[in-house]
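Engineer: What follows is each chain in one-letter form.
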Amino acid sequence: MSYLLFQISLVVYFAAMSTYVVFFLSQKNNVRQIARKIFLAGGLLHTLNIITRYLEAGHTPITSQHETVSFFAWAIVWCYLSFRWRYTVKNLGTFVSVMTVILMFIAALASREILPLVPALQSWWLPFHASVSIVADGFLALACIGGIMYLLQEREIKRKRFGMFYSRLPSLDALDKLNHHCLSVGFPLLTLGIITGSIWAKQAWGAYWHWDPKETWSLITWFLYAALVHQRFTVGWRGRPAAIMTIVAFLAVLFTLWGVNYLLGGIHTYAS
Amino acid sequence: MPRDSIVLLGVNHKTTPLEIREKLALSGGYEEPLRKLGQLDGIKEHYLLSTCNRVEVLYTTENPAATKAKVLNFLFGNAVPGRELDKYVYHYENEEAVQHLFMVASSLDSMIVGEAQILGQLKEAYRFASEQKTSGSVLNKLLHKSFFAAKRVRTETQIGASAVSISYAAVELARKIFGQLDNKSVMLVGAGEMAELAAEHLVGQGVANVVVANRTLERAVNLARRFNGQAVSLDELIEQLEHVDIIISSTGATGTILSKKDVKPVMRERRNRPLFFIDIAVPRDLDQDINDLDNVYLYDIDDLSSIVEMNKAERDKEAVKAERIVAEETMKFSHWLDNMEVNPTIVELRGMADEICRFELEKTLGRMKDISPKEQKSIEKMASAIVAKMLHNPLQFLKSDNNRCVDRRERINMVRDLFRLDQQDDCPEE
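Sequences listed follow chains A and B, in order. Just so you know, our numbering puts 14 at position 9 of the first sequence, and the rest follows in order with no gaps. Just so you know, our numbering puts 699 at position 78 of the second sequence, and the rest follows in order with no gaps.
Treat each hint with caution, since some may be false.
[To be verified] Computed spacing ranges between beta-carbons, pair by pair: (1) B:Gly825 with A:Ser31: 42 to 52 Å; (2) B:Gly741 with A:Lys95: 20 to 30 Å; (3) A:Ser116 with B:Ser927: 30 to 40 Å; (4) B:Lys754 with A:Val16: 52 to 62 Å; (5) B:Asn843 with A:Trp83: 14 to 24 Å; (6) B:Gln826 with A:Met6: 50 to 60 Å; (7) B:Gln826 with A:Glu118: 28 to 38 Å; (8) B:Lys754 with A:Val26: 44 to 54 Å; (9) A:Trp83 with B:Phe769: 17 to 27 Å.
[What the hints assert, rightly or not] Below, simulated DSBU-like cross-link-like pairs (lysine-lysine); rule was C-alpha separation at most 30 Å, straight line: (10) A:Lys165 with B:Lys881; (11) B:Lys691 with B:Lys772; (12) A:Lys42 with B:Lys772; (13) B:Lys942 with B:Lys744; (14) B:Lys933 with A:Lys95; (15) B:Lys1002 with B:Lys772; (16) B:Lys657 with B:Lys691; (17) B:Lys942 with A:Lys95; (18) A:Lys165 with B:Lys938; (19) A:Lys33 with B:Lys942; (20) A:Lys33 with B:Lys933; (21) B:Lys1020 with B:Lys984; (22) B:Lys766 with A:Lys33; (23) B:Lys953 with B:Lys938; (24) B:Lys938 with A:Lys95; (25) B:Lys772 with A:Lys95; (26) B:Lys1002 with B:Lys990; (27) B:Lys744 with B:Lys689; (28) A:Lys163 with B:Lys762; (29) A:Lys163 with B:Lys689; (30) B:Lys984 with B:Lys995; (31) A:Lys165 with B:Lys744; (32) B:Lys984 with B:Lys953; (33) A:Lys182 with B:Lys882; (34) B:Lys708 with B:Lys689; (35) B:Lys953 with A:Lys33; (36) B:Lys744 with A:Lys33; (37) B:Lys772 with B:Lys635; (38) B:Lys762 with B:Lys1020; (39) A:Lys163 with B:Lys984; (40) B:Lys762 with A:Lys33.
Worth flagging that the hints you see were computed from the coordinates, not collected in a lab. Even glycine gets a Cβ: it sits at the ideal position worked out from N, Cα and C.
Here chain A stands alone, though its shape is the one from the complex (with noise of 0.2 Å):
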């Protein structure tokens, strides 16, 4: 039942994707409404399958390679949406549903067999933990997703020589603020995940901090964003240079979440 919410899902998140790419190109207005609706219902039925994957797992469904990118890619989805209930981005739902789309796919292709709880998980800390965690990293993915569109729109820009995106991206300083902004919810969030993560490891395994490869990247992670955002909040570092930092940190997220596990294993890695 689950598994068959997620295939659609999948399908829908393409078919948004699609008509997202469609409208990309011919800037109406009216394709932009239809695929604004298609990736909320696939928002919506992502939700679906997640509750009832949770239900049949009996508990959350965070722990295996499959559930985690899934939930990961839900996350970004409901970022994005929670952030277009505030403030408009020109053709930021284009590179958002092609980010989600390229994750699900990721997340079909990995094992989707339900696998019991190793006794380490089973607490309460790891609805809270996880999600924390992986809902930061959604908020950090839409700032390296506004990155990426600073860099696009900037080079154009600086350059003179006009492109596909000039007229098709927002503003410089539009994209500069979404950047402003999901920092500001995504590290805190990173924190408040390191610091819960950190209790859950003192009751599961006595200590604080075990210098576990996975802990150790978070660190790092942590370390990146929390320059970034120094510089931006005392020496006002924002456009280009910012832009490719928050690039560069969020490939460190997706080392800590992925690459950690295939190349550096430690007790983080309980589903292989």
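Here the structure of chain A is known, so what remains is to put chain B in place on it, guided by the hints.
Structural biologist: This is chain B only, laid out in the frame that chain A set:
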């Protein structure tokens, strides 16, 4: 009965030099001219558009030739001799008039093709005409259709999307960099005419604060006063960079007045808020390397011109699409007009048939005493079905566009003759 002609008379920036347009006897406002036009003989419905680039009168009349002279006389009085007028005034009738109106509404006839202002002016002019009830069923329909055509052009083409003058291009760039312009300030370095124009556009887009720096302070003060801004001396230039966001430079200096190393420390002071330099001076005032700094953008006059050229080429492509839309809408309207012409005959024909039907029914039903209401209904139904079927072909004959052998007017006459629609009263049977 021939239908009224739709006539459009006008002058615009293309056909008529300003000296002639200035002689138009139109004093401010629409009320007075509309009222006077209404008093002319032979004009049925009318409407008037007057903008800085064009004056156009649109009216319907039975006798286009006679009214033209009267309208021209009204517009120009004796200020311009008749022969000369023919050279300047354009005159369109019917389909051509419709097409011209649609072109104007869609901003395809404007000085800056694609600018959006004209549609607003058209609507304003129409508001006066409809308030004073000088427009009737034909012009109402026509003007609404022109708004519709303009809207289609705007949504289906990109004609108004890009800037086709240097100062518009600069404004557009500023919007791409800053988003909203309303809390930004602009500094004019040097007080040339072009800089003034660009500043005017920026202020029109909401830029709040204008600073003028000039070699002679007097000129700076004068220009600053125009924009409610402040004047500074050229020596304060670098200091001012901390406070302004957009700099338009147009001094007559022979060398550069700002270099990269002047601007770099300023960015720290500005906490990296973006700076946009527009260098429209020849030779250039600003060092090209300034553009290499992060969050600093420098465009010179050549950069802006090439954007404008690119946009113009793009716009010309879109104009072809727009003209196709106008042609489509013109055709639709002509079709409606043609049907208007047929309509009275159709109504009369139906009326006559219904009359006969009712008369015969009354006669027959009066004699049949003992029928049920249900049976009576059936008979009535049958009678009207016969009438409808009998009329079907004549009506098709009137309406059909495929019948190209016989002209519409002739077809109308044939049907009227055949059914004696015009002879009922005045010409009794022999």
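Engineer: Hints numbered earlier in the text: which of these fail when held up against the supplied structure?
Structural biologist: 1, 3, 5, 7, 9, 11, 15, 21, 28, 29, 31, 32, 39
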